[in-house]
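Visitor: Chain by chain, the residues:
Number of protein chains: 2
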Amino acid sequence: MLTFQQLKKEAPGIIPLLPMLYVAWADAVLTPSEINSIKNKITSQRWLNAKEAEILEQLLQPTSPPSDAELRSWVQIIQRSAKDIPATDKESLVDMGMAIAKINMDNTDFPMASEEAQAALREIESALDVVSLEVPGNILTKEKTETGGAKSDKSAFQPEEMQHFLEANHHQLRKKVRQIITDDLLAYQPVTNKEDYRETILAWAKVLAKQGFGALAYPKEYGGTGDMSQFIAVFETIGYHDLSLTIKFGVQFGLFGGAIANLGTESHHQKYLLKTGTLEYAGCFAMTETGHGSNVRQLETTATYNPETQEFVIHSPTVSSRKEYIGNALHSRYAAVFAQLQTQGEGQGVHAFVLQLRDENHHLMPGVSVEDCGYKMGLNGVDNGKIWFDQVRIPRENLLDKYGQVAPDGTYSSPIKSEGKRFFTMLGTLVGGRVNVPFAGLSAAKAGLTIAVKYALVRRQFGPENEPETLLLDYPTHQRRLLPLLAKAYAIDFGLTYLAKRYSEKTEADMREIETLAAGLKSYGTWFTTHCLQMCREACGGKGYLAENRFTALKADTDIFTTFEGDNTVLMQLVAKGLLTSFKHEFGSSGAFGVLKYLSEQASQTLAEYNPLFGRNADQEHLRSLDFLKDAFAYRERKQLMQVADRLRKHIKRGMKSQDAFLRVQNQFLTLANAFVERLILDQFIDGIQRCDNPSLKPILNQLCCLYALWQIEEDKGWFLESGYMEAAKTKAIRRQIDKLCWEIRPHALALVESFGIPDACLAAPIATYQ
Amino acid sequence: MLTFQQLKKEAPGIIPLLPMLYVAWADAVLTPSEINSIKNKITSQRWLNAKEAEILEQLLQPTSPPSDAELRSWVQIIQRSAKDIPATDKESLVDMGMAIAKINMDNTDFPMASEEAQAALREIESALDVVSLEVPGNILTKEKTETGGAKSDKSAFQPEEMQHFLEANHHQLRKKVRQIITDDLLAYQPVTNKEDYRETILAWAKVLAKQGFGALAYPKEYGGTGDMSQFIAVFETIGYHDLSLTIKFGVQFGLFGGAIANLGTESHHQKYLLKTGTLEYAGCFAMTETGHGSNVRQLETTATYNPETQEFVIHSPTVSSRKEYIGNALHSRYAAVFAQLQTQGEGQGVHAFVLQLRDENHHLMPGVSVEDCGYKMGLNGVDNGKIWFDQVRIPRENLLDKYGQVAPDGTYSSPIKSEGKRFFTMLGTLVGGRVNVPFAGLSAAKAGLTIAVKYALVRRQFGPENEPETLLLDYPTHQRRLLPLLAKAYAIDFGLTYLAKRYSEKTEADMREIETLAAGLKSYGTWFTTHCLQMCREACGGKGYLAENRFTALKADTDIFTTFEGDNTVLMQLVAKGLLTSFKHEFGSSGAFGVLKYLSEQASQTLAEYNPLFGRNADQEHLRSLDFLKDAFAYRERKQLMQVADRLRKHIKRGMKSQDAFLRVQNQFLTLANAFVERLILDQFIDGIQRCDNPSLKPILNQLCCLYALWQIEEDKGWFLESGYMEAAKTKAIRRQIDKLCWEIRPHALALVESFGIPDACLAAPIATYQ
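Line order of the protein sequences matches chains A and B.
Residue numbering for the first sequence follows my numbering, starting at 900 and increasing by one per position.
Residue numbering for the second sequence follows my numbering, starting at 900 and increasing by one per position.
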């Protein structure tokens, strides 16, 4: 056995390596091949003399590991030295080793003080990539608890700079919104009944309208800038405040105003848009019926044209045709009503009409009935109602006629001949609602994360005897609960930023693609919100259950996000169909076989197939390389697209009806759509990092990106193993990388949530007091 | 190409095989090796003549599959015959094939009419185990939609019989509880403020007390039967009604009454127990403090004995020592207060004391402060409060002194010498609360499933043109969302039944094991509840978001279950520690090495290692065999236990403090605990099936058990692949088996939720009207 004294005399060059050697051997996680790789790096260093190299060779024999007694003696010398090691040297095994050498050696002139040697040592340290908790502070167990279990909460970057980077062009606008929503006028009020709550929300919405926020996306002549991305930025920021207000704002200015703007023509704009933007005209979006939510095309409400009076008659023929869940129904003067247009005895499909619900004194117009939907799980500040019509007559010009006109004599005409295509074009222009929802969801998730992380930095429970209890965020389980979600919130932020940009710059040519993006990101983002808030609530225990700490509202208000503006499961089917269609279009001439040929070529052009060792490469450098991560996500998407296309083609070719064939692949569609969205988000995250020119932000963004990507791979590792893209050694190494990344990101957790820039007045949770 | 006419003339024996041949070839899912296995079964049948066998041989060449034209011609003849095939013959490919032969052949005397031949055919059919939607009704696409997408909802068993089986010994008692909770006295009332709601709940709790339900677990002389399992059965049934009532009931009779019964002695029983059971004395369980929830041992409240007055002084020295979240705090006259006992200048650890909070006029006693906790996410009918004490004096005899006594002079004595052991013994006697919680959670999950399944059987959306829209439950995605959860609810029912039995028959010797069971099943069960209700809400779309449809209350009320009566994450750590301790005890003499040796032997004694083909065996018969499922779950638990024990041992042996070593394996502990609970539940499910002597119930129970087990394997397939226990072919086949089981269970979904026996008055969701 080599004691420390012997080493000191015979092989002093090895002493700075002791922390690394200890970590390499002590951790049961290291496999022999991993130890081997470390060994190779160590022995290739030139600064060791022959004697030292020989001893090191012995110490790194995988077949004859050091005894437990040797390991114990190493850790003892490390821990004995701990009190004299400067704090700054405790964050790296190399620095720690150098410090130990300095402290314990009579002669400070030891061989690896050279810069070259230190660089070599750092390289070795980075090869020690598999250990999470023990690298590096944890070897010094005594030290650990003094600083509350881990490193300090001082971060290497400024939250303000991160916020500025994330908010990019909209930083000033969002700052202005933050001022308004933290104004005393909008201070949260105690829980009340829904009637009072709705009045408050209406008053607040008027405050926002007065600032010009509502009309932002409208053309300049109606008080806006015509820039949809500004409207989205405002909407997202309001999402830090009360979500009933956020949704009310979206319904009034986005949905109702959007229907007027996008489906109406000049005369409608002139008549309604300015007063909609100021909330002088409150309006609602009367599309969904009791019987038809997702399947809008089968709405039952009728709009029958009568050429004699030049009017449409709007009618609800059945109970199931009543409009339901209509936001703003109780406050609205107008409604954009979606109904089956019938003229000259023929149906022309769903069209939108402006219908006056109430007169100037807020009395219902003849034939109109409105009923409160009652209490909901959340969003009780939004006045959702049922609306139905008994032969309500409206003038011909109330048809929002951009995509379909009815002449005075009842002749129908449209720039789009196919009824199906017309329907989807009209619906496509309304995708703005769907684009906006995940932004509100993300804001809510960020609020939840901020509360949970701050609480985990003050709350202590259990711990070593006679010492302060341990902070929640220093428990590996707690890090695993919160930090991957934090990384995912950042990832989705990049994805949504891209969506907003694409949507606000949209042309007719890329509408189909944007619809796919919107459907995918809306579903993925809102499912994340629901899951994230649940985890955050649980991470706050009983305190999280008290209404004062905001999870009650955050969870309840966002719960509907997964099913409104399109049910997520249905939307994910649309995404998969969209992906298949794009490929079919791209390969129109060469037909289905062309697609398959292309796809199979693509699928084989991956890193995996170029290098037989790829599937089991478990090096940290490889696992954290953006090339590897991009390849993994792209491979999964292409392979799943190819497989599902192949199955569909076979089913149909062999005589199955296409309706049935699509049913057969429903579950695979969900998987494919998920793979698509995650690939897209990762690409945007990576683009964002490349865009970033602030050197203090890049490293942490890189870590978050790796944590997001590796976590999603871990969540789907069954698929990666089944497909043969990865082997078990690799997926196991990924698990350890995730643990390690959590540990690395832990000291930045506070700065990362502060970067969201949620005003304290909005957060308003007594447990989120950590500054 | 072989047309139907040619087959008819040259090889009539093949015609009844057509549906099977079509399915085998048309489904892109079948791999060549799977086709090969079918081929082997078909060609081994004796009833084919030489010519037929030769043609069949051709038709089953994996290297030269039938052309798409041939496949189309087969499906055409099948579909043409469909209208003449009797409905009863459409549920089996064999019957369908026979019917087609009968309809299309001039001569009804074809070769495989014999019983022997039919049995052989059925064997072939069961080998065709990989297809879900197409077996068998779906080939007849026209038929499919007529019956609403699948088979009828008439089930093969009577829900009443299933209910009787599930409720076993407590069927009569639960029937009585059902009568009470559906009585007009307990009719749900509109949402109100928390104050009124609490009064209602208190009044209802008194109704239950009057029936003798509260005292059930107490000894006979105090109004009970001494049978804890009866109390649990009542509690579980009340869980179908308002969950505030359920929790209030649990706090009053279970927690407060339980503390008196288990920690007190004869004099306390006489003084308090009878009046507690009748709710004449309302009482609360004042354990948790603001600063300490999970870590009870570090409570700060003090109880200092003063020998001069022979009193204890109960005091809250800090803000964090205030009792918090205490249920029944506003209604209680008494509290069981947990505090650090100090006498003769020494601390003796946490003990419980009876403290009078209020006098006969409901005025607070001197030194006692109580504050409402305010609105919570849910359970607002329960009056949770903070309580704190300013030097409150109580008589010496108010110490609940079963495990620790203080003599008049202040001398402390206890039958248990070690403070740690005494603390855990005391806490162990209070595990009843933890045992009960998952029952309430399961009842809520069952209510959610009942609502979602019934809605999915009336709600239609999208579908083929000119036909009724498709029922939600006929979508594969919808089946995948709800039916595995339904199977899991049944599985957990068996697990909890076992827990109740073990707990109510407990002896001192098996308390440690029961604590492990309770911690594991409480966590697993309540996490399931949260997840299940979320899925059910989403499956009901906007309707699920309306408060009237009950998900609002179900979700909000149960949300705290995952973190009260022990935070689930902390409890799962306890489970894993418990498992390790049991093994250490068992192998006390042979030491750690003995454990490891045993475990590694056990791990290799699995089906997997006996048979090299095991890892890729994808036969239905194998995948649905209870032996395979048991082995998979047991293998996982043992292997994970071995791995984590090995890691811990190494860490400690090499010099790591045990506190740190346990931190290092926290995440693996969660995984291990989950594997343990799932193994336990599966074993109990299988025992339950074996116990069942009703032949109409066994088949569906078997299917549910397989669905539960295979789904959990799928959820963890990454681990099974990483460990080498399964290969990709097998995990892929498991996915298809799950789809198929969903399809098979689909027609029984209604009967399966009706078997829970939730009274309509309790369910009370307008969307759950399907009968």
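Fair warning: there could be bad hints in the mix.
Intra- or inter-copy, both count: the list cannot distinguish identical chains.
Claimed, not checked - Taking lysine to aspartate or glutamate pairs in the EDC-like style, the calculated list, with each CA pair at most 20 Å apart, reads:
(1) K1400 with E1614
(2) K1631 with E1614
(3) K1476 with E1364
(4) K1405 with E909
(5) K1109 with E1120
Just so you know, the hints here were simulated from the structure itself, not pulled from any lab data.
Visitor: A separate judgement is required for each hint: does it hold in the structure or not?
Guide: Here is what the structure says about each hint:
Taking the closest pair of Cα atoms, K1400 and E1614 never come within 20 Å of each other, the shortest separation being 29 Å inside a single copy and 37 Å across copies. For a Cα distance limit of 20 Å, the shortest separation of K1631 from E1614 qualifies both inside one copy, at 12 Å, and across copies, at 17 Å. For a Cα distance limit of 20 Å, the shortest separation of K1476 from E1364 across copies, 18 Å, qualifies, whereas the shortest one inside one copy, 59 Å, does not. Proximity of K1405 and E909 under a CA criterion of 20 Å is satisfied in neither setting, with 72 Å inside one chain copy and 64 Å between copies.
Taking CA atoms no more than 20 Å apart as the test, K1109 paired with E1120 passes inside one copy only; the shortest distance there is 16 Å, against 72 Å between copies.
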